[in-house]
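Protein chains: 2
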Amino acid sequence: MNAHAHTRLRVVRAGIDTYQQPVVYMHRDCPVCRSEGFAALTRVQMHVGTQQVIATLNVVTDDHLAVDEVAVSEAAWAAVMPAEGAFATFRHPEPAASAGALRAKVFGARLDDAGCLALMRDTAANRLSDIELAAFVTACAGERLDHGETLALTRAMVAVGQTLDWGGGPVLDKHCVGGLPGNRTTPIVVAIVAALGHRIPKTSSRAITSPAGTADTMEVMAPVALDLTAMRRVVEREGGCVVWGGNVRLSPADDVLIRVERPLDFDSDGQLVASVLSKKVAAGASHVLIDMPVGPTAKVRSDAAAQSLAARLIATGTAMGLTIAVFPTDGRQPVGVGIGPALEARDVLAVLRGAPEAPTDLRDRALAVAGALLDLAPDTPPGQGLALATETLKSGRALSKFMAICEAQGGFTEPGEAPFQAPVLATRAGRVQAIDNRRLAKVAKLAGAPGAPLAGLTCALRIGDPVANGQSLYTVHAQSPGELAYALAYAQIHPDILSLEAP
Amino acid sequence: MNAHAHTRLRVVRAGIDTYQQPVVYMHRDCPVCRSEGFAALTRVQMHVGTQQVIATLNVVTDDHLAVDEVAVSEAAWAAVMPAEGAFATFRHPEPAASAGALRAKVFGARLDDAGCLALMRDTAANRLSDIELAAFVTACAGERLDHGETLALTRAMVAVGQTLDWGGGPVLDKHCVGGLPGNRTTPIVVAIVAALGHRIPKTSSRAITSPAGTADTMEVMAPVALDLTAMRRVVEREGGCVVWGGNVRLSPADDVLIRVERPLDFDSDGQLVASVLSKKVAAGASHVLIDMPVGPTAKVRSDAAAQSLAARLIATGTAMGLTIAVFPTDGRQPVGVGIGPALEARDVLAVLRGAPEAPTDLRDRALAVAGALLDLAPDTPPGQGLALATETLKSGRALSKFMAICEAQGGFTEPGEAPFQAPVLATRAGRVQAIDNRRLAKVAKLAGAPGAPLAGLTCALRIGDPVANGQSLYTVHAQSPGELAYALAYAQIHPDILSLEAP
Chain A
-19 MNAHAHTRLR
-9 VVRAGIDTYQ
1 QPVVYMHRDC
11 PVCRSEGFAA
21 LTRVQMHVGT
31 QQVIATLNVV
41 TDDHLAVDEV
51 AVSEAAWAAV
61 MPAEGAFATF
71 RHPEPAASAG
81 ALRAKVFGAR
91 LDDAGCLALM
101 RDTAANRLSD
111 IELAAFVTAC
121 AGERLDHGET
131 LALTRAMVAV
141 GQTLDWGGGP
151 VLDKHCVGGL
161 PGNRTTPIVV
171 AIVAALGHRI
181 PKTSSRAITS
191 PAGTADTMEV
201 MAPVALDLTA
211 MRRVVEREGG
221 CVVWGGNVRL
231 SPADDVLIRV
241 ERPLDFDSDG
251 QLVASVLSKK
261 VAAGASHVLI
271 DMPVGPTAKV
281 RSDAAAQSLA
291 ARLIATGTAM
301 GLTIAVFPTD
311 GRQPVGVGIG
321 PALEARDVLA
331 VLRGAPEAPT
341 DLRDRALAVA
351 GALLDLAPDT
361 PPGQGLALAT
371 ETLKSGRALS
381 KFMAICEAQG
391 GFTEPGEAPF
401 QAPVLATRAG
411 RVQAIDNRRL
421 AKVAKLAGAP
431 GAPLAGLTCA
441 LRIGDPVANG
451 QSLYTVHAQS
461 PGELAYALAY
471 AQIHPDILSL
481 EAP
Chain B
-19 MNAHAHTRLR
-9 VVRAGIDTYQ
1 QPVVYMHRDC
11 PVCRSEGFAA
21 LTRVQMHVGT
31 QQVIATLNVV
41 TDDHLAVDEV
51 AVSEAAWAAV
61 MPAEGAFATF
71 RHPEPAASAG
81 ALRAKVFGAR
91 LDDAGCLALM
101 RDTAANRLSD
111 IELAAFVTAC
121 AGERLDHGET
131 LALTRAMVAV
141 GQTLDWGGGP
151 VLDKHCVGGL
161 PGNRTTPIVV
171 AIVAALGHRI
181 PKTSSRAITS
191 PAGTADTMEV
201 MAPVALDLTA
211 MRRVVEREGG
221 CVVWGGNVRL
231 SPADDVLIRV
241 ERPLDFDSDG
251 QLVASVLSKK
261 VAAGASHVLI
271 DMPVGPTAKV
281 RSDAAAQSLA
291 ARLIATGTAM
301 GLTIAVFPTD
311 GRQPVGVGIG
321 PALEARDVLA
331 VLRGAPEAPT
341 DLRDRALAVA
351 GALLDLAPDT
361 PPGQGLALAT
371 ETLKSGRALS
381 KFMAICEAQG
391 GFTEPGEAPF
401 QAPVLATRAG
411 RVQAIDNRRL
421 AKVAKLAGAP
431 GAPLAGLTCA
441 LRIGDPVANG
451 QSLYTVHAQS
461 PGELAYALAY
471 AQIHPDILSL
481 EAP
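Just so you know, the sequences run in chain order A and B. Here the first sequence is numbered in the working numbering, starting from -19 and rising by one per residue. Here the second sequence is numbered in the working numbering, starting from -19 and rising by one per residue.
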């Protein structure tokens, strides 16, 4: 028994989303709160029936909450799933099993297999606080993970999650390192590769900080929130799928780490490699192509950085038993015309349909990526990947396959168009010198993407294109006049998102 | 202007204490929330009138909050102090000025003076999130701060806070590294040193994770929440004081760092030295004695660790212009009989009054510390510190001075006694082999200390003392029967807080 095990508090839902970190709210005069104290970032272990969660304690100082109640955040609620009127008991949590491994790494020791496993197990189970996760990410930053540690971390991330088994034979997959706005090649690549008879069970993410993830874009055209059984049925029938990975829980530790990695933005090749490859291995892939955009406002900013990251991806991927190649691409500017879920979906469909307005850069890149992936596969005649991909797209077989996949996932829907649109105009003439991917993505987000699926922007200009004074640089799309106004206000104070040089 | 500058939300008080980190709560359908997104740990900059604060965004998913309202945590409320019915506007915060210095340190560069200053300025102004603070602490952990960086960090901590000026002449001060339960020598040392005509303007902290801080203990006997003007008046009249440092804002950056240092518990000599010495320099001290308890459950666990830390304290202190000495003491077991604010105050008064029940270990240690501090002072005949201190205590001059200080701070009160008390009994005979300071402190906290000032425990046994079966090991004091029960339940499952060897 424990000092608080007999202190029962009635559980109420706080209705507060603290992202993934579980938080519990107690009245300052409640007995648990009094004895655990008002200390910095106190953690408590809450038990409800057979469920338990470790949460951060926040103290309620007014009378919204009774002294015999505990209010729980959405993440804590999801972890314990309390019945109506349930009671919770509390314990002071013992240090996480991985505390020793974390401390050793912080103080300069190397991570071994057991340490990585303990850390990823506690990470996936949400037993580490945000500040402990931040300490781990910091201790691994820069060059502080060597090849052996990267491999150990990749294995540990796979070990603590679900692993898919496709029953033998090659399983193809692709991944793009670092989001380039509009670079939505995945649905096209999957359609081409599956049309050629390969297996390509693709799981994709929703946007976290970008205006659209592949799952958001695909969802405009077909259901993506499939569970594992439904996903398997689609792949068995059509060879490929494009579903949201969130219901599948591949590499759940990585999903948790992201919550501190994104805001800290500490690049670490070792953690990036473990993150990418653990998901591919867990998804059952055997042949993997990595699309790596390189450019000043992309994730990988120089050729030297690209080479070093590619070497580590290939070394670790090979050690994990993958056939893997890295394909460097132009990361200086967006791809396609649309940025935002529906607008990117329209580009994807235009390419698949061979429509005259289809963006050539998106088509060419999708073909190049599909070709490089096909070149990895065992049955492709040497160097014939691109030709095969091009023929499959031109013949309409990729379009047919894509429609069949959408039907298998639950039915195809034609993307709609946003009711509010306004252009952003050039205030002088010139030639496009550079495009700020990050700020352009920000405009699309302020316009409502991805929450408002029709929102975003369209931009057909590319580096080197001439621009006349008063010409439209890009057009903002929004589902409400308010969101249109926010996006335009931001665009107005950042006139150099497309920077022009004198003509 | 900014994309959100025209989005005004009405400010309401959330009544939630998130410790020091400012948090704002917005409805998920509110325009600011929609465009900033549900991203991991989003930070927003809130402006109310001329005040502003950077806060973490939490999302409210039910209808407690209107879409045109923002609820703010206590720390955010204190930062902007909104008038009744005030409105707030929001911006996406630019990266903190110190982001570059933090990133460089994480990636292995040395911290220079400018980098330290930027980091401490942003830390003190609460512009860094908890995960950024955790990254900083991790990047400095172990031996990752060299002598030059320690000095730069100490200077930066002083520079961003208030500095007291006592107008020339020696100013004495003391500090104890790492809390040993009951080790409440400060009020006795201040009384002795001030009675001898020295200036000793002591600021102390409240408990953060311990059952009592010096400020909590002193507050049982006299007011301690004095502002700088009131503190100055006391010191001008009596030569010394014992006040709470929280109203004085010496080294405010350190106060913020503590919120992640405590839960992470990463020892770093460099940060400890900067923390301790920045407060002494800011308080205007010229002659400083550091009491350093050494023992297996104390902060400093070995003689080797003590020597290394002492060398760094002396090197940095000397470079900061202090006359400084380190005094290692026995850190294996508590000092005095009482643990908890009032119970420690009773020990202090018993020593000052020369009462027969006064704990000899507390008296001897207070005299030793006072003696060593006096030996540092310019006017003490060589080696006469201890004799002077002993004579001052015995003669009653220290008691008179202490009462005068209490009167000057607002009036003396005799500490009361807790209404609920129960002994914890030995379940076998033996001799006390070791005492677990941390768990003993935990019992006192579960009993209600320091929030309930009369709560805590009394323990007169020391290592080597014989114990009979059924004898009282220690007595728990509480202000409510419930808290008494919590403490006893914990004591019951930890029978080895005093571990016994066969007699």
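None of these hints come from the bench; they were simulated from the model. Warning: the hint list may mix true and false statements.
On the chain B side, residues computed to face chain A include the following (Cβ under 7 angstroms) [stated by the list, open to error]: (1) Val(-8); (2) Pro11; (3) Thr41; (4) Met61; (5) Asn106; (6) Asp110; (7) Ala115; (8) Gly122; (9) Phe400; (10) Leu405; (11) Ala406.
Restraint ranges, calculated between C-beta atoms of paired labels, are given here [what the hints assert, rightly or not]: (12) B:Ala299 x A:Gly80: 53 to 63 angstroms; (13) A:Ser282 x B:Leu208: 21 to 31 angstroms; (14) A:Ile188 x B:Arg408: 20 to 30 angstroms; (15) B:Arg281 x A:Ala89: 13 to 23 angstroms; (16) B:Ala299 x A:Arg229: 51 to 61 angstroms.
Positions of the beta carbon are idealized from the N, C-alpha and C atoms, including for glycine.
The hints, checked one at a time:
With 7 angstroms as the threshold, the beta carbon of B:Val(-8) stays out of range of chain A, its nearest partner Cβ sitting at about 11 angstroms, so the hint is violated. The interface hint given for B:Pro11 holds, since its Cβ lies 6 angstroms from the closest Cβ of chain A, which is under the 7 angstroms cut-off. Taken as an interface hint, B:Thr41 checks out: its beta carbon lies about 5 angstroms from the nearest beta carbon of chain A, inside 7 angstroms. Restraint check, B:Met61 versus chain A: the minimum CB separation of about 16 angstroms is more than 7 angstroms; hint violated.
For B:Asn106, the interface hint is violated, since its Cβ never comes within 7 angstroms of a Cβ in chain A; the closest pair sits about 14 angstroms apart. Because the closest C-beta pair between B:Asp110 and chain A is about 5 angstroms apart, less than 7 angstroms, the hint holds. Of the supplied interface hints, the one on B:Ala115 holds, with its beta-carbon coming within about 4 angstroms of a beta-carbon of chain A, less than 7 angstroms. This hint holds: B:Gly122 has a C-beta 4 angstroms from the nearest C-beta of chain A, less than the 7 angstroms allowed.
Hint status for B:Phe400: violated, given a least beta-carbon distance of 14 angstroms to chain A, over 7 angstroms. Annotation: B:Leu405 was flagged as interfacial toward chain A, and the flag is violated, the nearest CB pair being 18 angstroms apart, outside 7 angstroms. Taken as an interface hint, B:Ala406 does not check out: its beta carbon lies about 20 angstroms from the nearest beta carbon of chain A, beyond 7 angstroms. A hinted range of 53 to 63 angstroms for the beta carbons of B:Ala299 and A:Gly80 is inconsistent with their spacing of about 35 angstroms.
For the pair A:Ser282 and B:Leu208, the beta carbons lie near 53 angstroms from each other, so the given range of 21 to 31 angstroms is not met. For the pair A:Ile188 and B:Arg408, the beta carbons lie near 59 angstroms from each other, so the given range of 20 to 30 angstroms is not met. At about 19 angstroms, the CB distance of B:Arg281 to A:Ala89 agrees with the hint of 13 to 23 angstroms. Against the hinted window of 51 to 61 angstroms, the Cβ-Cβ separation of B:Ala299 and A:Arg229 comes to about 54 angstroms, which satisfies the hint.
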